[in-house]
Amino acid sequence: MSVLRARTRDVVVDRVERIAEDVVSLVLVNQDGSPFPAWEPGSHVDLHLGEEHVRQYSLCSSPTDLSHLRIAVLNVPDSRGGSTWVHENIRPGETVSISEPRNNFPIKDSRKYLFLAGGIGITPIIPMIEWAHAAGKEWQLIYGGRSRGSMAFGDRLREEYGDRVQLVPEDESGRMDLQAVLGLPRAHMLVYACGPTGMLRTVEDLCMGWPPGSLHTEKFAATALGTTSAAEPFDVDLVRSGKTVRVPTDRTILDAVEDVGVRVLSSCRHGLCGTCETTVLAGEPEHRDAVLPQEDRDSGDMMMICVSRAAAGCRRLALDL
Amino acid sequence: MTLSPTADVTSLPDDPFSVANIVDPYPMLTRLRENGPVTWLEKYGVYAVAGFEEVYEVLTDFETYCSSGGLGPHDIRKDEAWRPPSILESDPPTHTVMRRALTGVINPSTVRALRESFTPPAEELADELVARGEFDVVKDLAEKYPLRVFPDAVGIPEDGREHLLPYGNMVFNAFGPKNEIRDRAFANADEHSAAIMRNCARENLDDTGFGARIWDRVHDGLLTPEQATLLVRALLSAGVDTTVFGIGNTLKCLSQSPKAWATLHDNPALAKFAVDEALRLESPFQKFHRTTTAAGTLGGVDIPAEEKILLFTGAANRDPRQWPDNADVYDIERQASGHVAFGMGLHQCVGQPIARLEMELVLKALATRVERIEPAGEPVPIVHNSLRGFESVPVKVTPRF
Chain L
436 MSVLRARTRD VVVDRVERIA EDVVSLVLVN QDGSPFPAWE PGSHVDLHLG
486 EEHVRQYSLC SSPTDLSHLR IAVLNVPDSR GGSTWVHENI RPGETVSISE
536 PRNNFPIKDS RKYLFLAGGI GITPIIPMIE WAHAAGKEWQ LIYGGRSRGS
586 MAFGDRLREE YGDRVQLVPE DESGRMDLQA VLGLPRAHML VYACGPTGML
636 RTVEDLCMGW PPGSLHTEKF AATALGTTSA AEPFDVDLVR SGKTVRVPTD
686 RTILDAVEDV GVRVLSSCRH GLCGTCETTV LAGEPEHRDA VLPQEDRDSG
736 DMMMICVSRA AAGCRRLALD L
Chain A
-12 MTLSPTADVT SLPDDPFSVA NIVDPYPMLT RLRENGPVTW LEKYGVYAVA
38 GFEEVYEVLT DFETYCSSGG LGPHDIRKDE AWRPPSILES DPPTHTVMRR
88 ALTGVINPST VRALRESFTP PAEELADELV ARGEFDVVKD LAEKYPLRVF
138 PDAVGIPEDG REHLLPYGNM VFNAFGPKNE IRDRAFANAD EHSAAIMRNC
188 ARENLDDTGF GARIWDRVHD GLLTPEQATL LVRALLSAGV DTTVFGIGNT
238 LKCLSQSPKA WATLHDNPAL AKFAVDEALR LESPFQKFHR TTTAAGTLGG
288 VDIPAEEKIL LFTGAANRDP RQWPDNADVY DIERQASGHV AFGMGLHQCV
338 GQPIARLEME LVLKALATRV ERIEPAGEPV PIVHNSLRGF ESVPVKVTPR
388 F
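Chain order of the listed sequences is L and A. According to this note's numbering, the first sequence is numbered sequentially starting from 436. According to this note's numbering, the second sequence is numbered sequentially starting from -12.
Think of the hints as simulated: they come from the structure by calculation, not from any bench. Among the clues, some could well be false.
List time: in silico DSS-like cross-link candidates among lysine-lysine, alpha-carbon distance up to 30 angstroms [claimed, not checked]: (1) Lys30/A / Lys65/A; (2) Lys30/A / Lys246/A; (3) Lys259/A / Lys678/L; (4) Lys678/L / Lys30/A; (5) Lys383/A / Lys126/A; (6) Lys126/A / Lys165/A.
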C-alpha cells in the first residue's frame, strides 16, 4: 500500500495492446478527453485493481504529449496477482481508477547518462531517454531481457535511437556485461537503472567506486510495495537552534539548514568526505553517503546531511544543530 | 608537452615558482585569475587555471584530467618517476581499489574514536605555551602537535620519525619544477625515503594503528603487499606537512585578526569554522598538475590531449565570483564550506577528517585559554613549490583570567 494515499481519477482504457510476450500496454485517456497534468520522467501512477488491490506502474508515454498516459504490465503469474488481473480483466473502453502521477525516480541534470534496464524495468527509462535525447545529452541504453520477443519497446527504441541503444537478449548474447560498462567509473555521468533485484544488486556493487550520487535505481519490488517515499518532503527540527525547516524534494537537508542561517561545516557536498556528519536525535535517516560504515548506518545516530534524507515513512528528523 | 599553446589562449610570462611569487603569491594569482579562465604559462609550457569554476571542473572531471600523469609538471608515465606512483598519482580502477581500502580504515567512525586520545596532548601543549606567554606558532605548536599524535595513530615506531617532515617536504616540492627549491628538499632524499619505506612494512607497524588496518586488507586478499606499502606511505607523506601548515596558517590569520580571536574566545565551538576559513584564505596545498587524456574545452579554451594543467587551488579559494564579500579577507563568520583546499571529487583528501580533528583540537585548546593573541614579529613565509606556509609565526598571548 502506498504511504500517501493520493487523489485518484477515473480514466478510460483507450487501447490494450500486447507489445511483447506477457506484456500488455494500456493507453489511458480522460473521460472528457482533457489532457493530463504535467508529469516528469520517472513518474508512476497507482492503478486501483478491483476492490482492494493497488499497484504502481511507471509511465512510459511521452511527458510532452499529455493527451494520454501509457503503462506497460508484465504478467507475473506467481506474484500477488495484480498483473494477472490486469491481463485477464482489463479491456478497451473500461473505466479504471488511477492516482495522479508521482515521481520517486526523478532524473537529475548532468552531462552524460547511462541507462540500464532489465526486462519490464525499461518502462520508467523510456521517458528519461526521450528527455535526455531532446536535451542533447550524451547517453546510452543497455537493455537486457530473456529474449527479443519478451523485450517491450526494444525494436522501437533501436529504430528511433540507433546505436545508442544496445539490446541484450539473454538467449542470443547472454546476460548484460555490467562489469564492462560499470567497471570503470565515469565523471559527470549518472546511471539510471531499473530491473530485477539481482541485476540492481550487481549494479550497486559495481557502482561502489563511482562518485557518490552517480547511481539512481528503482526497484520495482519496492515500488510495488509502495515503500519508496524518499521523494516526499519532510521536516527537520534543529534542536539546539530551536528552529524547524522543511526539506523539499529538490533540496538537501544541508541546503535547507543553511537557508535558515544555521552553520554547518561541509566540504564535498556529495557524501564523500564526511565533513557534515550530524548527530540524529530522533527520527530515522536514509543514508545515501559513501563514507559512513555499516555499524553507524545501522545505529541511525548520525548522518551526512549533504545527501542523506529521512527514511521512507519518517516525516520528521531531529538533529543536534 | 607542446611548445606553444592553442590559438585562443592568452599567455603570461609570470613564474609561479619564483621565490618572490612563492613568498607573496596573491598578486600574481589575482593577475592569473583575471587574465581569463585558462592562461598559458610560457616559462613552463603549461595551461594554468586559477578560477574556482575551472579548478572545480578539472578536479571533478577525473576522466578528462587524469592523475596518473602525476601531480608535477612532467608526465611520470613518460619521464622517470622518482618513486613508485601513489594513490594520488593513480586513476580508476587502480585508484578505486586503493581508495576503498583507505576509506575502510579512515572514516567518520574511526576518526571519531581518535578524539579522546588526541585531546590531552593538545591541552598539554596549550598549557605549556600559554605559560610561556610568547612562542613561535610554527616551531612550538604546528610542528609539534601533529608529530605527537599522528604517527601514533598510524602506528609507526618512534625510531625514524624525524624523517617524516623532510620526506613530506620532498613529496610536495616534487609537484613543482626541477628547480633549486626542489633540489634542496631532495638533499638527503635516499636516507629519508629509506626510513619512510622501513616504517611502511607490516613488521614495523604496531597492531592497533591505521597502518596495521591497511595491512589487514592484504590478509583479506583486497590489496597486494605493494599497494599496502604505498598506502601507508601515502598516510605518512600527506598526513603531516599539510596539517602542520594548516595549523600554522590558521594561527597566522587569527593573530592578525583580533576581532576574530575575541569571537572565538567567547565561543570556542567556532574553532572548526575558524580553521575552515583559514584553509580557504591561506590554503596549505596551493598548486599541482593534472594531465589531459583527450582534447577538450575548458572555460571556452581548446586544450589538446596529453597536456599538463597547473591548478591553483589556493587562488580558486579566493575567487571573488565564489566568495563575493572580500574574498581576500579573513572572516570567521563567512560560509567557507565548499573550498577546494582538500581537493574535490574522487581524489579529495582521504585524511581530511583527521586533519580537521587535529586543527580543531589545537585551536580549541588555545582559544579557551587565551584571551588575546598578537604578532610578536613578522611571519616568515616558507619557500616551497606547492605548499603555502610559514617557517615562523612569532606570537604573544594574554591568558584568560
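For each hint, the structure was consulted:
1. Of the pairs offered as hints, the one joining Lys30/A and Lys65/A holds, with about 21 angstroms between alpha carbons and a cut-off of 30 angstroms not exceeded.
2. About 42 angstroms separates the Cα atoms of Lys30/A and Lys246/A, which puts this hinted pair outside 30 angstroms; it is violated.
3. Restraint check for Lys259/A and Lys678/L: the C-alpha separation of about 22 angstroms stays at or below 30 angstroms, so the hint holds.
4. Taking the CA atoms of Lys678/L and Lys30/A, the gap is near 55 angstroms; set against the 30 angstroms cutoff, the hint is violated.
5. A hinted pair counts as satisfied when its Cα atoms are at most 30 angstroms apart, and Lys383/A with Lys126/A qualifies at roughly 14 angstroms.
6. For the hint linking Lys126/A to Lys165/A, the alpha-carbon distance of about 28 angstroms falls within 30 angstroms, and the restraint holds.
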